[in-house]
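Number of protein chains: 2
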Amino acid sequence: MNNQNNTVLVTENMTALPPPGAPDIEIARAVKPWPIFEVAQRKLGVAAHALIPFGHYKAKLDLSQIDTTSKVGKLVLVTAITPTPAGEGKTTTSIGLADALNAIGVSASVCLREPSLGPCFGVKGGAAGGGRAQAIPMEDLNLHFNGDFHAITSAHNLLAALIDNHIHWGNELNLDARKVSWRRVMDMNDRALRHTLVGLGGPAHGQPRESGFDITVASEIMAILCLAEDRKDLQRRLGNIIIGRDRDNKPVTARDLGAEGAMTVLLKDAIQPNLIQTLEHNPALIHGGPFANIAHGCNSVMATRTAMGLTDVVVTEAGFGADLGAEKFIDIKCRISGLRPDAAVLVCTVRALKMQGGVAKDKLDSVDADAVKLGSANLKRHIENMQKFGLTPVVAINRFPTDDAKELSIIKEVCLSLGARVEEAQHWAEGGVGAKAVAEAVKTILDGEAPDVQFLYEDDLPIDDKIRKVATALYGAEDVQFNIAAQKQLDEIHQLGYGHLPVCIAKTPYSFTSEPSELGAPSGHILPVRELRLMAGAGFVVAICGDVMTMPGLPRKPAALSISLDDDGEIVGLF
Amino acid sequence: MNNQNNTVLVTENMTALPPPGAPDIEIARAVKPWPIFEVAQRKLGVAAHALIPFGHYKAKLDLSQIDTTSKVGKLVLVTAITPTPAGEGKTTTSIGLADALNAIGVSASVCLREPSLGPCFGVKGGAAGGGRAQAIPMEDLNLHFNGDFHAITSAHNLLAALIDNHIHWGNELNLDARKVSWRRVMDMNDRALRHTLVGLGGPAHGQPRESGFDITVASEIMAILCLAEDRKDLQRRLGNIIIGRDRDNKPVTARDLGAEGAMTVLLKDAIQPNLIQTLEHNPALIHGGPFANIAHGCNSVMATRTAMGLTDVVVTEAGFGADLGAEKFIDIKCRISGLRPDAAVLVCTVRALKMQGGVAKDKLDSVDADAVKLGSANLKRHIENMQKFGLTPVVAINRFPTDDAKELSIIKEVCLSLGARVEEAQHWAEGGVGAKAVAEAVKTILDGEAPDVQFLYEDDLPIDDKIRKVATALYGAEDVQFNIAAQKQLDEIHQLGYGHLPVCIAKTPYSFTSEPSELGAPSGHILPVRELRLMAGAGFVVAICGDVMTMPGLPRKPAALSISLDDDGEIVGLF
Chain A
0 MNNQNNTVLV TENMTALPPP GAPDIEIARA VKPWPIFEVA QRKLGVAAHA LIPFGHYKAK
60 LDLSQIDTTS KVGKLVLVTA ITPTPAGEGK TTTSIGLADA LNAIGVSASV CLREPSLGPC
120 FGVKGGAAGG GRAQAIPMED LNLHFNGDFH AITSAHNLLA ALIDNHIHWG NELNLDARKV
180 SWRRVMDMND RALRHTLVGL GGPAHGQPRE SGFDITVASE IMAILCLAED RKDLQRRLGN
240 IIIGRDRDNK PVTARDLGAE GAMTVLLKDA IQPNLIQTLE HNPALIHGGP FANIAHGCNS
300 VMATRTAMGL TDVVVTEAGF GADLGAEKFI DIKCRISGLR PDAAVLVCTV RALKMQGGVA
360 KDKLDSVDAD AVKLGSANLK RHIENMQKFG LTPVVAINRF PTDDAKELSI IKEVCLSLGA
420 RVEEAQHWAE GGVGAKAVAE AVKTILDGEA PDVQFLYEDD LPIDDKIRKV ATALYGAEDV
480 QFNIAAQKQL DEIHQLGYGH LPVCIAKTPY SFTSEPSELG APSGHILPVR ELRLMAGAGF
540 VVAICGDVMT MPGLPRKPAA LSISLDDDGE IVGLF
Chain B
0 MNNQNNTVLV TENMTALPPP GAPDIEIARA VKPWPIFEVA QRKLGVAAHA LIPFGHYKAK
60 LDLSQIDTTS KVGKLVLVTA ITPTPAGEGK TTTSIGLADA LNAIGVSASV CLREPSLGPC
120 FGVKGGAAGG GRAQAIPMED LNLHFNGDFH AITSAHNLLA ALIDNHIHWG NELNLDARKV
180 SWRRVMDMND RALRHTLVGL GGPAHGQPRE SGFDITVASE IMAILCLAED RKDLQRRLGN
240 IIIGRDRDNK PVTARDLGAE GAMTVLLKDA IQPNLIQTLE HNPALIHGGP FANIAHGCNS
300 VMATRTAMGL TDVVVTEAGF GADLGAEKFI DIKCRISGLR PDAAVLVCTV RALKMQGGVA
360 KDKLDSVDAD AVKLGSANLK RHIENMQKFG LTPVVAINRF PTDDAKELSI IKEVCLSLGA
420 RVEEAQHWAE GGVGAKAVAE AVKTILDGEA PDVQFLYEDD LPIDDKIRKV ATALYGAEDV
480 QFNIAAQKQL DEIHQLGYGH LPVCIAKTPY SFTSEPSELG APSGHILPVR ELRLMAGAGF
540 VVAICGDVMT MPGLPRKPAA LSISLDDDGE IVGLF
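If you read the protein sequences in the order shown, they are chains A and B. The numbers in numbering that gives the first Met the number 0 rise by one with no breaks, and the one at position 469 of the first sequence is 468. The numbers in numbering that gives the first Met the number 0 rise by one with no breaks, and the one at position 15 of the second sequence is 14.
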């Protein structure tokens, strides 16, 4: 790489940064952020009055004050191979790519999900990128941020309170208290709330019944907020939420309870996209954070669309590997919103492919070309999968110092054999300049003809066939198998007239099968479907294949115990 | 009143307001607020960089950037007679008085509690003053505001999660799961959460135990936030929270669990006071909202102290009538913080005194001088009570159109016979100018010698004698009676070395007795003490006398059902 170019591209701030490998928080704090109105003005052309500031370095975009109709930027989806404990760096690559695009003169922004507060107190670590590819202020992003998750928690729990209150005061809708499926939520890792009895204590305190809590990101309202086109669409979808059944087993909705208006009021600010900046002062729209298993795992449609109205290229990320994240991005988010990606980037690392080839985590530092070769079957499957959507991805090899030339060349061969461009990326160590080659490759694709993006299935395919299609086409499965309960739910969903909805498959992200230990690119397996959940508000049917945890617990030594403020009021222990 | 003066005093905005009697929200929306940095700059001398904006009309004051040491403003406590459904208008009078002081040329601010979100969806109505004496933006204030309550909810529930997690992973502290007194909180009216079982579902999901939820304003953390001097004091108090007992019945604290650091991190922004404005663009510091029964019911010490460092006069309000609110303000907030009021205003209405005299709510429009005379015993008791603290209040008669001259003169006689100044106030209809007479009376007192404010009891009086002192001196009780459980708790609190703490009496606010229907100024009764709760973090002992509801329920027809956004995105039905 050309050193002189480096010097030009590195911003005044980046030169003074702690060396690569310094803690993320040290790097983040070494950068002097631009006032957020300056980011908005210089990078998005958005005037200060159209921002709703939250402090000096965060804001919401007031969509009533912003014209997003005069431009339609290109959309780049960042996805990855099957995740392993080795780490792939999808968020880091998304941020690095946006910085790199700006560095080569393209007006680009990055759209990401908001992290959940609860898990920060469990296992150490935030979610704002890393190294020299971060979104800041990372402390705020990982804590209360701009209050969106709290608003979702409030709206969710208001509906829950209205349900129990309805039953308490006479149950006019004839709700079956045993079949209330709407639980409560909290943005906290709290296993003791998974299964609860509520309404105890006597007649003054409601109707006793079994219930429980999920973490806020698992709320259907989170999925709804991320799929809504605007406030009216949000309210319509909130009204469609099925909260349980009546005594005739008919679905009862939030609209039947009259709850959707007040819920929308609680969400009126939360639906406005949030703006922060990367370490290189490029715009990062961070908005919404639905679970990637029981929901679709990408940031809000409103944020993506806003970013496309304000910058020429928008880099966005979908959760987990391409089999789950990219599939849901296209088959759910794109289908519902009308958005289409113009290019895709598939992130991999030598280390992760080594793990896919069977190497243990503590052996990843040793060169092992054979393991990489074996593991690259996983990469190959993901590239082929993306091609089924009509997208040949640019493969970004997120470089580690331990990577060997032989290992790298094996990966490159696989990519080239499938017609995919492949580039190394060093944004973690170098910031945007480190991802310049990826950015150039992406730009070449964007400058060419738009891809003909295809859904994997059409709306009118029955739900079971949709699941079968995803399993056989993407996971390499031979078939799917519905257990008796799921079969019954399937019939019911069709009878109720929801057969046209897309499916959202909740399975382990660590394997193409339902068994996390099956690495590489297994095939011929059967995907077991245990349960179907109708998310009538969000607008998809969740197919649960294996255990899905909707309320995490804290570990034996939670990070919370070492988190505090130092004498200067700076957070220690959170990252 | 002088019309010409009126014209001068009314701001440009107020002249264009809807007529008195228009809905509060219409009046509020008719005023064009100043940008909050302008309020800060012009009214507080605080520069924009020392604000943490939340939108354009709300901010937090960044106390690290503000010098509050060069001034010590005078403090005016607004309190009231015993509350009735007729309404007294304590918040309205506090706001009106601050506006009136500014109108007569005094630099004044108002310090109030933040309202709770949950109750807004129960019975219609917000809490930001009313008529032409309001704090704006009232919608935000009544919903998520600047996120303080959500932060308190998170910090509270993190501690709860850490407790259950500690038990789950082996219970090193030997916590007695049956004696965990730390519950969870939610800012919602949800009766079904009052009594719950948590930890059900098998060994992977924690230890089953009885527990429940309180509304967030009832959290000890809310009381702590409002009493803390600064961040360090906050953390110290959080660490002192007693969360339950171990198997040897020894108290276990949040510090024993190592939770106070992470809790402080969650509260790091919440401790900064919030700034909004009155309809007349005067500074309103709205911060904290502890329950007025099981806590001390006034805004944060940090907000009061900040306001005193920035304006010459600070008007603040305490919850319920003077027997509860003013007593706790002085015996708890002032004792702990070192603050002292320089004057007090006691709010009453003709209608409320009529109710105290036995008139039913639907008969209040009729003139009834006898009832007023009878009811003014209540007013008399409150004035005498305030004098026991060394404060002769200015009595503000909050005028209603139905008030009769005879009725008014009865009230005035009572006040004058006790040496108290009394003035009529019409801020609800007229804004600040309407409370000019009260403001002048207050100013006269402030210009005179500072009162010698006395606590009702000294620290070293035993807890039971403290309660007895309050009951006999203020409530007119003959004695207090501890039931067996409370007696046991009393002994234990003394044994544990907490006998020096002040007491916080939780009883009905509607009577001097523990029986809400006993109006006027009853005496000779016995105050029953049912339970003592040691709030070691907040630093007081709660004496529960009668039923105390720490988690409200929703009514049969909750306001939530008629709350929504109109086509312009404006909230309807909330106020």
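None of these hints come from the bench; they were simulated from the model. Don't take every hint at face value.
[To be verified] Derived lysine-lysine pairs resembling DSBU-like cross-links, with alpha carbons at most 30 Å apart:
{"id": "1", "chain 1": "B", "residue 1": "K379", "chain 2": "B", "residue 2": "K487"}
{"id": "2", "chain 1": "B", "residue 1": "K70", "chain 2": "A", "residue 2": "K267"}
{"id": "3", "chain 1": "A", "residue 1": "K556", "chain 2": "B", "residue 2": "K468"}
{"id": "4", "chain 1": "A", "residue 1": "K556", "chain 2": "B", "residue 2": "K487"}
{"id": "5", "chain 1": "A", "residue 1": "K31", "chain 2": "B", "residue 2": "K556"}
{"id": "6", "chain 1": "A", "residue 1": "K70", "chain 2": "A", "residue 2": "K387"}
{"id": "7", "chain 1": "B", "residue 1": "K387", "chain 2": "B", "residue 2": "K362"}
{"id": "8", "chain 1": "B", "residue 1": "K379", "chain 2": "B", "residue 2": "K360"}
{"id": "9", "chain 1": "B", "residue 1": "K267", "chain 2": "A", "residue 2": "K556"}
{"id": "10", "chain 1": "B", "residue 1": "K487", "chain 2": "B", "residue 2": "K178"}
{"id": "11", "chain 1": "A", "residue 1": "K556", "chain 2": "A", "residue 2": "K487"}
{"id": "12", "chain 1": "A", "residue 1": "K70", "chain 2": "A", "residue 2": "K267"}
{"id": "13", "chain 1": "A", "residue 1": "K249", "chain 2": "A", "residue 2": "K231"}
{"id": "14", "chain 1": "A", "residue 1": "K556", "chain 2": "B", "residue 2": "K178"}
{"id": "15", "chain 1": "B", "residue 1": "K379", "chain 2": "A", "residue 2": "K267"}
{"id": "16", "chain 1": "B", "residue 1": "K267", "chain 2": "A", "residue 2": "K267"}
{"id": "17", "chain 1": "A", "residue 1": "K231", "chain 2": "B", "residue 2": "K360"}
{"id": "18", "chain 1": "A", "residue 1": "K372", "chain 2": "A", "residue 2": "K362"}
{"id": "19", "chain 1": "A", "residue 1": "K231", "chain 2": "B", "residue 2": "K31"}
{"id": "20", "chain 1": "A", "residue 1": "K249", "chain 2": "B", "residue 2": "K556"}
{"id": "21", "chain 1": "A", "residue 1": "K178", "chain 2": "B", "residue 2": "K556"}
{"id": "22", "chain 1": "A", "residue 1": "K411", "chain 2": "A", "residue 2": "K360"}
{"id": "23", "chain 1": "A", "residue 1": "K31", "chain 2": "B", "residue 2": "K468"}
{"id": "24", "chain 1": "B", "residue 1": "K556", "chain 2": "B", "residue 2": "K360"}
- Query: So which of the earlier hints does this model not fit?
  - Reply: 1, 2, 3, 4, 5, 7, 11, 15, 17, 23
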